[in-house]
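Visitor: Okay, here's what each chain looks like letter by letter:
Number of protein chains: 2
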Amino acid sequence: MNVLVILISVLLCVICVLLALVQHFYFINKLYKRPSIKFEVPVFEDLIPSDRYEHDFNYPVQTVEDHDDMILNDLNSVLSQPKKTDEMKVIPNTDKPVGTESEVYNTLQAAIAFKLSGKGHKAMKLFEHAAAIAPDNADVLNWYGEFLEQQHQDVVTADELYFKALTYSPDHKAALMNRQRTAPVVESLDYKLFKTIDARKEFLRQRMKLDSFDTVKKQAYYLHIYHTVGIEGNTMTVEQLRYLLETGQVVSGKSIIEHNEVLGLEKAMQYIKLLVRTDYIGIKEILGVHRRVMGHVDPISSGVFRDKKVFVGSHMPPPPEQIPDLMEGYVEWLNSEEAQSMHPVRYAALAHYKLVDIHPFVDGNGRTSRLIMNLILLKAGYPPIMVLKEQREKYYDALKTANMGDVRPFVRFIAQCTLQILDMYIYGTRFLSISGVTKEEDKQIMNYS
Amino acid sequence: MNVLVILISVLLCVICVLLALVQHFYFINKLYKRPSIKFEVPVFEDLIPSDRYEHDFNYPVQTVEDHDDMILNDLNSVLSQPKKTDEMKVIPNTDKPVGTESEVYNTLQAAIAFKLSGKGHKAMKLFEHAAAIAPDNADVLNWYGEFLEQQHQDVVTADELYFKALTYSPDHKAALMNRQRTAPVVESLDYKLFKTIDARKEFLRQRMKLDSFDTVKKQAYYLHIYHTVGIEGNTMTVEQLRYLLETGQVVSGKSIIEHNEVLGLEKAMQYIKLLVRTDYIGIKEILGVHRRVMGHVDPISSGVFRDKKVFVGSHMPPPPEQIPDLMEGYVEWLNSEEAQSMHPVRYAALAHYKLVDIHPFVDGNGRTSRLIMNLILLKAGYPPIMVLKEQREKYYDALKTANMGDVRPFVRFIAQCTLQILDMYIYGTRFLSISGVTKEEDKQIMNYS
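Chains as they are written, first to last, in our numbering: chain A, 212 to 660; chain B, 212 to 660.
If we strip away everything but chain A, and leave its shape as in the complex, we get (with noise of 0.2 Å):
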């Protein structure tokens, strides 16, 4: 009886199969129906230097030069010099209302009269003490990006308030008046800052012939390690690091922890470098790089989902159940014509923000998520980006506002970040060869520096 039980369950599962293959006929078909959104040539895939490419855990045992860390150390500096223009004001976002209702209406008033008789300085300062205690409260929200929006000229955050002001009351007919006159402002003004990165870019793009350009790659790779493993507390300094990924050799004094974050985010980088080759980001390539991020430092439980509930200060992303249908989402927007028809750095941002907003991992989410970004950024040919250690709280602060609904100052702080790299490189491969570089072009970056 047991063989006639085998024989007919065999020839059953050769049916479904059969019928399998039919709806996979179907499906493939659809498949190939799709417009096939294809990248720009990649100029930038070739970003890791390429003598740290080739050792994989047999470092040669070498001293780091002297020369090396001047440059290094410049332009770090360059990066860290605090932008005069397109600055963004912080705005509060802290969770809970701290202050009493009349104690908010008292500041407002207060703060508008102080408007009203011409004492900016004053009115500033208490409508900044308003939001803070009172986030959530439509008025003071729209009164704040008024006064910005008439006595500071600064659109873009006024715009920020309106919109905020409008998550908390959709009808609030003085902040749908403001926003109908600051969206459109803003949103050429977004437009010019992405012209803005893409003529840098360009401009860039012409300097790569430039001896000088390797040098500055090399150094542009261990400066991104340092922030990358920085923003998430590593105390490592860049030489430290250096010294470590050149020889294989401990920095005494640090935990073993970060040495071992210093090695997963050197494979990781490693790893995209191949991935920029391929089309498809899937869940396998995000958990890819999520195993060498965080494998060094915890093998078991990198490159797999959360099993548990995490918290993220007082927010608590999806429990852990629902990772992999979000994730399954994520992955279908990411390979999407609607994501890859964005302009690149839109796009990386959002990569970004919607991979840190399910936060799929026990730890090590930002990394991953910074590292696809990054993917997608050099896909498009962009050099990958930082998020300087400095600029840790506005990062995180723009984080929380896209969390709250409005995703546009995060995008614009990344696109930021991407003028910033632009501008190191430009400033990087100008400052090791002006021999190299015509009085015209030396014109032109100045103008751009």
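Calculated from the structure, these hints are not laboratory results.
Everything numeric in this text was worked out from a predicted model, so none of it was measured.
Be aware that a few hints might be false.
Claimed, not checked - Estimated spans, in silico, between C-beta atoms of each pair:
hint	chain 1	residue 1	chain 2	residue 2	range
1	A	I217	B	V216	22 to 30 Å
2	A	K495	B	P529	27 to 35 Å
3	A	Q481	B	T489	48 to 56 Å
4	B	Q533	A	W544	40 to 48 Å
Said to hold, decoys possible - Straight-line distance between alpha carbons at most 35 Å, and here's what the computed DSBU-like set of lysine-lysine pairs gives:
hint	chain 1	residue 1	chain 2	residue 2
5	A	K484	B	K495
6	B	K600	B	K336
7	B	K384	B	K403
8	A	K465	B	K465
Glycine included, C-beta positions come from ideal geometry on N, C-alpha and C.
Chain A is fixed; fit chain B onto it per the hints.
Guide: Leaving out everything else, chain B in the frame of chain A:
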């Protein structure tokens, strides 16, 4: 039409699943009929000191005490003391004969002549030389065996030599006769060795109530990691790796790989502790051990079977495509009644040898095999044993002999390691708590060590 296809396939799938369930039911029934082998209640399963188990990666920063170091070195020196009895002769195991035929026979004739004229020392030297230049010559092996048996009363080594002679010439008459005589003697010697081990284990069990036992246990833990990674070439001292594990801080001058090997071994030992409680050791568990052992060093290829050919010396383990099947067979054997009815020390030794013979991983096969061996020993109430750095040559030699068909020397080697560890515990608890030991007990200890 699509809907119809789906409906039919769903229907057929349901039928398939039902039929599969019927088969599964048969299988389950068969499984229940198997006699379930019960391990002894583990005595040593809590060998990992409890304070090492709690913190995962949040190492408290603390200093290592000098007093502990003293005990540590003392215990290590006990282990390293050369044993006067039970010492095995290392039989040369070179893979290619290096002498010409006439050279070999001249040496052999001279050796026999010296033996007959009573010049034992000179004869020994020549027999050793002959065996070295002709390791696969049955005559040489047989004569050498007879010499050792008659002049040195070394029946065990003699038996190994006869066995080896017979693997090269299965019809060698003299060797066949010699083996007939020595085989039962050696068997009874091995039986006696197991009896000694069991008695000493029982004796140690009575001492486990002593306070000093915890101290010895803790020190043995660090020594275990030290020797297990040390045998593979790690140069960290016991004090250094203990500092790393207790503080999470790196030891300057050592490579990051050495650090990560130590971390991995600690993680693997914690995992073994969990596995002691489970009945079945499957592929998943073995991969889990390997993932922990090698994970910090190489997160990508840890916990997965190798996909390329490897060489161990001149020996080539099976090609990668055979590994899944071989491992299935290995796990079946590991959980079979046949294996589990052996003496635990023999079972553990064979589990080690068989796994390292398949060599399923690119790297970390030795460490993983030793941990699986220790898992079996722990389940049976034995302490985890160490193969000392100093025993490296003997260990590899015994493995090589096993590879050539004779596993007994390897089993014997593991049995001696077990005895060594039991002695270390007995010595350690005695050394640390003379006051807690009665005169009667002390006398017993003196007889043992």
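Visitor: Determine for every hint whether it applies to the structure shown.
Guide: Structure-based check of all given hints:
1. At roughly 26 Å, the beta carbons of I217 (chain A) and V216 (chain B) sit within the given window of 22 to 30 Å.
2. Between K495 (chain A) and P529 (chain B) the beta carbons are some 28 Å apart, a value that agrees with the proposed interval 27 to 35 Å.
3. For Q481 (chain A) and T489 (chain B), the Cβ-Cβ distance of about 37 Å falls outside the hinted range of 48 to 56 Å, so the restraint is violated.
4. Checked against the hint of 40 to 48 Å, the pair Q533 (chain B) and W544 (chain A) passes, with Cβ atoms roughly 43 Å apart.
5. A distance of roughly 32 Å separates the Cα atoms of K484 (chain A) and K495 (chain B); the hinted pair therefore holds under the 35 Å criterion.
6. For a cut-off of 35 Å, the pair hint linking K600 (chain B) to K336 (chain B) stands: about 27 Å separates their Cα positions.
7. Between the alpha carbons of K384 (chain B) and K403 (chain B) the distance comes to roughly 29 Å, so the proposed pair stays at or under 35 Å and holds.
8. The suggested pairing of K465 (chain A) with K465 (chain B) holds, with an alpha-carbon distance near 13 Å, which does not exceed 35 Å.
Hint 3 from the earlier list is the only one contradicted by this structure; the remaining hints agree with it.
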